[in-house]
Every structure is written in C-alpha cells, then in structure tokens.
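Number of protein chains: 2
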Amino acid sequence: MTVTTLSTVDADGDAVRSALFDAVGRLDHAIRPVVAYHLGWCDEHGRTVTADSGKSVRSRLAMLAARAAGGDERRAVPGAVAVELVHNFSLVHDDLMDRDATRRHRPTVWAVWGDAVAVLAGDAMLSLAHEVLLESGSPQAVPAALLVGRATQDLIRGQAADVDFERRNDVRLAECVDMAAGKTAALLSASVAVGAVLAEAPPVTVSALQTYGSEIGLAFQLVDDLLGIWGDPEVTGKPVFSDLRSRKKSLPVTWSLESGRPAGRALAQWLAQSGDPAESELRAAADMVETAGGRRWARAESGRRVRAAQRALDSAAIDPRYRRELHRLADFIVERSA
Amino acid sequence: MTVTTLSTVDADGDAVRSALFDAVGRLDHAIRPVVAYHLGWCDEHGRTVTADSGKSVRSRLAMLAARAAGGDERRAVPGAVAVELVHNFSLVHDDLMDRDATRRHRPTVWAVWGDAVAVLAGDAMLSLAHEVLLESGSPQAVPAALLVGRATQDLIRGQAADVDFERRNDVRLAECVDMAAGKTAALLSASVAVGAVLAEAPPVTVSALQTYGSEIGLAFQLVDDLLGIWGDPEVTGKPVFSDLRSRKKSLPVTWSLESGRPAGRALAQWLAQSGDPAESELRAAADMVETAGGRRWARAESGRRVRAAQRALDSAAIDPRYRRELHRLADFIVERSA
Chain A
1 MTVTTLSTVD
11 ADGDAVRSAL
21 FDAVGRLDHA
31 IRPVVAYHLG
41 WCDEHGRTVT
51 ADSGKSVRSR
61 LAMLAARAAG
71 GDERRAVPGA
81 VAVELVHNFS
91 LVHDDLMDRD
101 ATRRHRPTVW
111 AVWGDAVAVL
121 AGDAMLSLAH
131 EVLLESGSPQ
141 AVPAALLVGR
151 ATQDLIRGQA
161 ADVDFERRND
171 VRLAECVDMA
181 AGKTAALLSA
191 SVAVGAVLAE
201 APPVTVSALQ
211 TYGSEIGLAF
221 QLVDDLLGIW
231 GDPEVTGKPV
241 FSDLRSRKKS
251 LPVTWSLESG
261 RPAGRALAQW
271 LAQSGDPAES
281 ELRAAADMVE
291 TAGGRRWARA
301 ESGRRVRAAQ
311 RALDSAAIDP
321 RYRRELHRLA
331 DFIVERSA
Chain B
1 MTVTTLSTVD
11 ADGDAVRSAL
21 FDAVGRLDHA
31 IRPVVAYHLG
41 WCDEHGRTVT
51 ADSGKSVRSR
61 LAMLAARAAG
71 GDERRAVPGA
81 VAVELVHNFS
91 LVHDDLMDRD
101 ATRRHRPTVW
111 AVWGDAVAVL
121 AGDAMLSLAH
131 EVLLESGSPQ
141 AVPAALLVGR
151 ATQDLIRGQA
161 ADVDFERRND
171 VRLAECVDMA
181 AGKTAALLSA
191 SVAVGAVLAE
201 APPVTVSALQ
211 TYGSEIGLAF
221 QLVDDLLGIW
231 GDPEVTGKPV
241 FSDLRSRKKS
251 LPVTWSLESG
261 RPAGRALAQW
271 LAQSGDPAES
281 ELRAAADMVE
291 TAGGRRWARA
301 ESGRRVRAAQ
311 RALDSAAIDP
321 RYRRELHRLA
331 DFIVERSA
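Line by line, the protein sequences are chains A and B.
Position 156 (the first sequence) corresponds to 156 in our numbering; numbering is contiguous.
Position 142 (the second sequence) corresponds to 142 in our numbering; numbering is contiguous.
Warning: the hint list may mix true and false statements.
Stated by the list, open to error - Covered stretches of chain A (chain B as the covering partner; in silico rule of three or more C-beta atoms under 8 Å from a C-beta of chain B):
| no. | region |
| --- | --- |
| 1 | 114-127 |
| 2 | 130-141 |
| 3 | 151-164 |
Source of the hints: derived by calculation from the structure; they are not laboratory data.
C-beta atoms are modelled at their ideal positions from N, C-alpha and C, and glycine is treated no differently.
Generate coordinates for the entire structure from the input sequences, incorporating the hints supplied.
What follows is the structure, encoded as structure tokens:
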C-alpha cells in the first residue's frame, strides 16, 4: 500500500478514527471488546495492539467526497464512521456465513468467540451506524441514513447471491457482476454519496460521485478476486489460492467458464468436483483461469471501470485538488496487493 | 388470547399489516419469502397460509400510544412497522443463536434455510426498520429512529447476557432482571415511546408511557418465563418444560436459587448437571421451582409490575378511552397463555 499517495486523506483519518472510537465505546461491555478486536485495536484478551485495521477505503471516500464537493469535511465525519461500521458489520456476518476463519492475519470473530457473539457484534455495528448518523444533528441526517440503509439492503442481496452461488455450478458472469454490484460497489458508492450529501453538495455532484463510487467498487471487486487467486498470502493475510480452495465463482472464474475455451471447460469440470483440493490442484486450477483468459480480462475490466469512474469525476464540478485525490484512490484500488 | 379485550387496537391492525406487507415487499427476492414465512404469511414454499403471526403487541402499543397522546394514529404506522421489524429481526437471530428449532408451531428460519439465510433475513429486517421510519417523512423521524436504535442496542445487550448465562451457574436474580430489561422491556418501552413521539406527544407524556412500557415489559418476561416452564405446549407452540430442558436461568429459576430454601439448593444441583433430561426429571425440576417459591414470586412480581405500569398511565394526561385500552393490554400480558 502506497501511503504517500493518500496523504491528504490521512489528514482526515484522525477525526474519523476518534469518532469511531467514541461510537464503539458506547456499545455494551460484552460486545465492545469484540468489535474493538475486529477493528484491530486490541487482541482477544482486550490488550491494546496495533493490528491491521483494514484500508478504511470507505471512510476515506466519504471524507474526500465532502472536500471535493466544497463542503466542510467535518460534517462528513458521522457518515465516514457509519459506512465503516456498516462495512465491518458485513465482514463479521459474512465471515460467519462463509466460515472464513482468518481475516487481516488474525482469527475471525466467530472463530474466537463463537457464532452467537459474531451475530450480536455485527447487529450492534449495523444499529450503531444509524445511531451515529441520526445523533449527528446534521440537517442531512435522514437522506444520509437512507443511503446507508439502501446500501445495506444491497449488501444483503449480494451476500445472499454469494451464498446461493456456493451450491450452484451454473453461475453466469452477469449474475456474478450483479452480486459484486451489491456486495462491494453499493457501499463504496454510498460512501462517497454520504460524504457529499452531508456536505450539502448539489444533486448533480452527488450523482457523479455515486457513479465514481460504483465503478471503483466493481474495479475493487475484480482486484479482490484476482488477489483471491494470485495474491501473496504474506500480504493478503489469506491462505494461498483461497478463493479456489472454496471453489468460489469469482469474476475471473465465471468469465473463464463462459470463454468457450478448452481451459474454461477443464475449469468447469474441476469446479464440479468436491473434497479438499491439494495445493498442486489449486495451482493447476489457477493456470486454467489464466489460460482461459480470466486473469487478463479481470485486469483489463478493472482498468476500464477505473477509467469510467474517472470520467464521472471529470464531468463533475469539483475542486481539482480533491479530484486528483479521488483519481489516486481509484488507482490505488487497482494497484493494491492486499 | 381474549381478542375481545383488544378490539380498538385491532381497528389499527389493518393499516399496520398493510404497511408491513409493503415494506417486506421491497426486500430482495431471495430474502422476502424467508421474512414472509417467519411472519406467518406463507409456508416454506411461498404458498400463502394463515399461520400464527405472533401477538403484534409492539405495533398495538405504538398505535395505542399515539391515540392515547391525542395524536393522529396514522402518523404512528411507520413506528408500529419499525418496532415489529426490530422484534422479528431479534427473534430470527435469537432462534439461530439459541438453536431453537420451533417457533409459533413451525420450524424456525435457520432450521428451514440454514444459518446464512437466518443471519441475512434478520439483518434485512433491522435495516428495513430504519428505512421505514426515515422514509415516513415525519418531522419526528429522527427521534423515533433513535428510540428504535437504542432499543436495538438494549436487545443485543440482553441477548448477550442470555447467551453468557447459558455457560454460567452463578447467575444472580439482579442480572437476570437486567437481562429481561434489555431483552424484553426495552423494545416494549420503545414501542409506546415511538408511537407517542410520532404523534408529537409532549415529553412528560412520552416519559410516562415509557415507564408503562418498561414495567409491562418486565411483567411480560415474567409471564414468558412462567409459560416456558408451565405453559401448555398445545398453546405456546414450544415443547413442554422447554426452558428447563435447556436449563435456562429464567426469572423464577434464579429467584428459587436465591431463596435459601432446600428446594432451591436441589434445583441448583440439578442445573449443574449436563445431558438431555428425561420428562420425569423436568417435572421434578419444575416442582423444585414451585416448592422454592419461584412460581408464586414470578406471578406476584408480574402483578406488581402491571400495577406500576398502570400507576404511570394514571399520572399521564391521556385520553381516558385509550388509557383503558392500555390498562387492558397490560392485563392481557399477565393473563395470556401463549
């Protein structure tokens, strides 16, 4: 991660982190340490640590959007906190549903405390997201909270599709794109929109920023899917070939299946098998995706999405300094390695 | 259930049911049938049925509070829908956490569709509750949604305590009362408050109604705990002695444990055992609670709570017709058999 390209955004980081810390501090004593652990603030015994807290892309987007729209970015802080909370609510619940035992190099919440605590910690973060926005006193609290609510329904739709895909072998690329639109793009889009709305940006600017957000969201998912196959476990914190291990119908995989190429057919046969695959098998499956063209397509498509995002930005009447930052954030998304 | 005593409230029922139906209709196609099933509107294949939808106590309270406060009860409809959604979100998640396989005489959501769908259906209802309030256009939408948000955190606190109690043998009565305050009383109190706030009642009236709500909430839990031991399975839809079967530290049980009586000590010994108890054992355990005085105390305490609720009502400047209805609803709570 190239922190230097995100310097302006980092200046806002402290305000958001502090507000997020205050919000989490209000949770019940049984839930608070669990959420603090998930956010990388402490270990499972409550001891302060400096663990990976994630990339905070959503709160950065909310703050940048407020600045870009020419508003007072301090007004966007409750929005930045709310989208981080909704993102983390979905991570904690998704890890439980997907039985993912590791995130950010550490055991996931359900793996440490069990299913019930994971359900409750996620619920608490979702509710807290609304409380933070509604307590902000912002005249835009209602539209901002509605953006968050609708993005939450999109997240749920995307995750429901993801769960459904696991037991199906006939997932189409179009369905997979729709799933990514729900699971990833919706909240990224809502993040920029919430920042702009709280800064009282005009609707045309909010709309351009929303397009930017949903395009980088799809780029984000494409890169995530590439990292899920070819990412370096040391950097991603996930096992090698993790998405192939779970036979996930990711975007490069479904593209390969629809490619009509022999490697795509071989991949389909491999995906239809069950059982725990050996690492050599996973490597062979990754090679099939590569040979069928899925890796190249996903890279090219993420580039196209970033360019579409940048065109949306260029059409909006926003401060050039922050337009540049938003361009950089888009580039960061496709260039990241974790 | 004595429907005749709830006639005025039933007149509002259609407006709430219709608004709830519209709200659920907006959920994603994968989640909608699950929520409709849970609400008793269809079977697991989506075929319309007339199953038990629950007692709708919370939406009745919201509507009655709006009338009692002299407001236009139509303004309270989004609040009535929101509190029903939050209640049902918590039921779907609690059934999953507690591994309860039956509710309202039917298999629970996780038992039909699995854990992931139960998590998602609950999440969708919680988010929808906020959306319904925020889309209402009510000038009181923000305070109403904050009441719902805070009650949700209380529900989570109560359920976290409930989960914690399962692995502990040293639960005190005071902790158990606090758990019931979170798990049951908070949302009942928020239900009346939301109705009154949306009807723009003065703060002193809202406050009196909140006291009424939390007192009947504790009475409700006491009666629930009595039914969990001595309820008729034909009527409750739960297995006989269900709370003893799971060795639940309910209010009558914890009172008995603290009674200092021989039957209380025998009960403590029995609770410390593990394994699946035979029905004769469960009957013996129920007799220990009775002999120790837990059943009598819970009955008396629920009566005291109802009288405290009624005193709060009598102190408030509300329309006598609706005060009478609220009195009746309180009586219904202690007299119900399911």
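Structure versus earlier hints - violations, ascending order: none
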